[in-house]
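Undergrad: When you get a sec, could you build the whole thing from the sequences and use the hints?
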Amino acid sequence: MSRPCEPLLSVEGLTIKFHTGAGTTTAIDDLSFEVRRGEVVCLVGESGSGKSVTGLSILRLIDPPGDVAGRVLFAGRDLLTESEADMTAVRGRDISMIFQEPMTALNPAMRVGDQIVEVLRIHEQVTPENAMARAIALLDRVGIQDAAVRARAYPHELSGGMRQRVMIAIACAAKPKLIIADEPTTALDVTVQAQVLDLLFDMQAELGSAMLFITHDLGVVAEIADHVVVMYRGRIVEQGPVEQILRAPRHAYTEALVASAPDVDAPRVPGRRFPTIDVTESADGDLPVIRSVRPEPVTRRAAEPAPAGETVPLVEIDKLHREFILRYSWAGRPTDVVRAVRGVDLAIWPGSTVALVGESGSGKSTLGRCVAHLDTPTAGSIRFDGRNVSALDGAQLKRFRRDVQTIFQDPYASLNPRRRIGQSISDGLAIHGLMSATERRDFVADLLRRVGLRPEFVDRYPHEFSGGQRQRIAIARALALSPRFVIADEAVSALDMSVRAQVLNLLADLQEEFGLTFLFISHDLSTVRQFSDRIAIMRRGEIVEEGETEEIFEDPKHEYTRALLKAVPRIKPGRNAYRGKGRKPSSATMNE
Amino acid sequence: MHRFVAHRFVSSLITMALASIVVFLSIHLLPGDPVVMVLGEQAGADPMAVARVRAELGLDLPLPTQFVRWASAVLHGDLGHSLRSGEPVVAELARRIPRSLEIIFGGLVAAVVFGIPLGTIAARDRGRVSGLIASIVAIAGFSAPVFVSGIILVLIFSLWLGLLPSSGYVALDDDPLTHFACLVLPCVAIGINFMGVVARMTRSSLIDTLSKDYVRMARAKGLTRGQAMTRHALPNALVPVIAIVGIRAGNLLGGTVIVEALFDWPGLSSLLVSACFARDYPVMQGCLLSIFAIFIVISLLIDIAQSIVDPRVRTGTK
Chain A
1 MSRPCEPLLS VEGLTIKFHT GAGTTTAIDD LSFEVRRGEV VCLVGESGSG
51 KSVTGLSILR LIDPPGDVAG RVLFAGRDLL TESEADMTAV RGRDISMIFQ
101 EPMTALNPAM RVGDQIVEVL RIHEQVTPEN AMARAIALLD RVGIQDAAVR
151 ARAYPHELSG GMRQRVMIAI ACAAKPKLII ADEPTTALDV TVQAQVLDLL
201 FDMQAELGSA MLFITHDLGV VAEIADHVVV MYRGRIVEQG PVEQILRAPR
251 HAYTEALVAS APDVDAPRVP GRRFPTIDVT ESADGDLPVI RSVRPEPVTR
301 RAAEPAPAGE TVPLVEIDKL HREFILRYSW AGRPTDVVRA VRGVDLAIWP
351 GSTVALVGES GSGKSTLGRC VAHLDTPTAG SIRFDGRNVS ALDGAQLKRF
401 RRDVQTIFQD PYASLNPRRR IGQSISDGLA IHGLMSATER RDFVADLLRR
451 VGLRPEFVDR YPHEFSGGQR QRIAIARALA LSPRFVIADE AVSALDMSVR
501 AQVLNLLADL QEEFGLTFLF ISHDLSTVRQ FSDRIAIMRR GEIVEEGETE
551 EIFEDPKHEY TRALLKAVPR IKPGRNAYRG KGRKPSSATM NE
Chain B
1001 MHRFVAHRFV SSLITMALAS IVVFLSIHLL PGDPVVMVLG EQAGADPMAV
1051 ARVRAELGLD LPLPTQFVRW ASAVLHGDLG HSLRSGEPVV AELARRIPRS
1101 LEIIFGGLVA AVVFGIPLGT IAARDRGRVS GLIASIVAIA GFSAPVFVSG
1151 IILVLIFSLW LGLLPSSGYV ALDDDPLTHF ACLVLPCVAI GINFMGVVAR
1201 MTRSSLIDTL SKDYVRMARA KGLTRGQAMT RHALPNALVP VIAIVGIRAG
1251 NLLGGTVIVE ALFDWPGLSS LLVSACFARD YPVMQGCLLS IFAIFIVISL
1301 LIDIAQSIVD PRVRTGTK
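Just so you know, the protein sequences line up as chains A and B, in that order. Residues in the first sequence are numbered from 1 upward in steps of one, following my numbering. Residues in the second sequence are numbered from 1001 upward in steps of one, following my numbering.
The set of hints was computed from the structure by calculation and includes no laboratory data. For clarity, every value in this text was computed on a predicted model and none was experimentally measured. There's no promise every hint is true.
Claimed, not checked - According to the in silico footprint, chain A covers these stretches of chain B (three or more CB under 8 Å from chain A):
id: 1; segment: 1212 to 1222
id: 2; segment: 1264 to 1276
id: 3; segment: 1304 to 1312
Just so you know, even glycine gets a beta-carbon here, dropped at the ideal spot from N, CA and C.
TA: Following this line, the structure appears as structure tokens:
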């Protein structure tokens, strides 16, 4: 497809350095790309590739010690040489920005209507009354019901999806020529993501704006992009039309990125491992040598998950309820109750992986915590290895704590920052009185090797590691006590695709080796399809559908499962569900 | 909002009731006999006289009965009479409380008026000379104990410069100008320490807030750096500062003990101190009760102020 001729934004030789006491780091190195009128350009890369910094530098929002060089030509002006006063006129009016986190990008102490009014009053001569009327009309336009009432709401009174709609309203208020959207849907559930993308591109078509869309998700790229810029460590490794980037990538990194992107439509192959990105640092300080690695499928052990009747399940959840009472009346009666888990039945067979899939607030983490006996169910029972978990005490409870381990979502919050990782990993061994101190040290070193970290890391602190490394440490900690059952609560969600693949492969290998049983809690359907034997779909505290993985994907019975599957962005290029459609939001996009 | 205020008001009343029990009990459990104090050393040796005075004062009744009598009298505005002077305690308190509140309020205003800009400069100009100077001033402020900063202030402003009186009190009705002149140094002395706390809190809270997406968002909308600071960053950064001001405002009451002595200011604290030495029970009870009441009213006001600045406080969904 030929690109429209006139460039709206032209970034030439953009270089951003950060001067700190520790020296100078180059965040962005000689970046050049163009955005033409009405076009959608995607900036793609993993975390730390410099894509967000690039977005901010176009609006000249990089503060010292950041040092920006090069040229950012917008409609013929170099934004890097404009005065600060002229830039305030450009920001919000000519170029607007949408941030990733709807939770943090709106001022919590300001009514949402006022936050829209603000941008109108900065750039136009309007009376407060007129501005508010337009803000309400905008809220209505972005699909917020009862806009006049909602305009008086504070951000914390709105859901994540609604907040992102407010952000879009703010970004579109002054009818900008260019919208920079920095991962605008990453923090949202997949069905809400589809609705918000739908709205965003609907608005873009209406205003005729161009868009610079920053994302790590190639599925989203395939659906929205005209032109793709692939970044790696602050440099562009490749750019071109979306079809070319996704079908015939030229650079090894792009190829590896495309190969490692999860494909929700690929049928499950038992024993198959996820492709990873192999990086070999080059000696001359240039970009490292990158290649895609496709691990050979592993022949599954004989012990396929046994059908009911032959063995007993390792974990049996029976009519489980968990309610949280938020408020009591004066008489002491609960008046505000959240029913997080409502009558869940689930059986998990030894040696199998069961995935618990659902959107935020579906109760999947609460269920996981109940199973790990970290939370107490309101009603119902959980049996582990034939024993009722809530009745365990003394030695039996201690044994249970050894057998059942949890890997948490956030690798930054789940390791104690003041303890060396060796201590964190071996704490469990010490508590259970296993091994002598020297034996423990050797064992931990061996565990670190197993999860792909160097044994000499044992005396380091968590802050010295990247997110992926920390999650491996958390896995090593979970495995230290040779558990039989591991609950992984969104254990890979915070990781980049390439790191995610490595961690998942590791988990699968360890399952083969030790015969582990997994409860894999996730919202990511593509990963789940390859990784699990059975899937339970959760919604509003209930399991709406449960079955063999392929059954669920090939023949979903429940309407909600079908909606979930449909909403996953596909990497198949050319689908371009949103581009240039300019359609009005359907009724389906309105309800949240 | 109304519901929140009503809720906080009721819990303040409950706290006040509990506080009155504590005040009542603690005084009665203290060593030292007020009867002996009333009678003097000589007569105090006579058991008959002691028993008579005890019955007169109602001190021979069981504690719960004494409490009920005392509490109902308090609710009727009767805190008894001073054992020393025989004057009604309420009248004495009514003279003293406003004087102490003047110092506390003046100190708070000084602390906030100087502390918030100081903290803002320290946060905004981090890594520059102006930020460093602001930080040093703040640290110096809260490092100096009240009696040290008080003496230094007296040295500079009354002895060397001769601008303000070094101590003393003149009633507002008699001579308003001298009244306020006398008030300045005590307020600044008590406020300087607190200013340091406010500045440090503002600085760290603001640094945290300035890195928030909504501040960047404010600038992406087209606000200048200063507008983003005053409209978006500061209001949010002040939420924890207000909480600290509330907690520390209570401490200012403690600080008044030193300041009132240092500047010879006849307020509530100096009354409490002299009543303690004299074992003047009714006056002690009155002072303590007033201090509790001031404390509780301040925290109620602070909570309401916080709920105005931060809407999340109201619904408890923080």
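Undergrad: Work down the list of hints and note, for each, if the structure agrees.
TA: Going through the hints against the structure:
1. 1212 to 1222: holds (count 10)
2. 1264 to 1276: violated (count 0)
3. 1304 to 1312: It holds, with 4 qualifying residues against the three required.
Hint compliance for this structure: hint 2 alone is broken.
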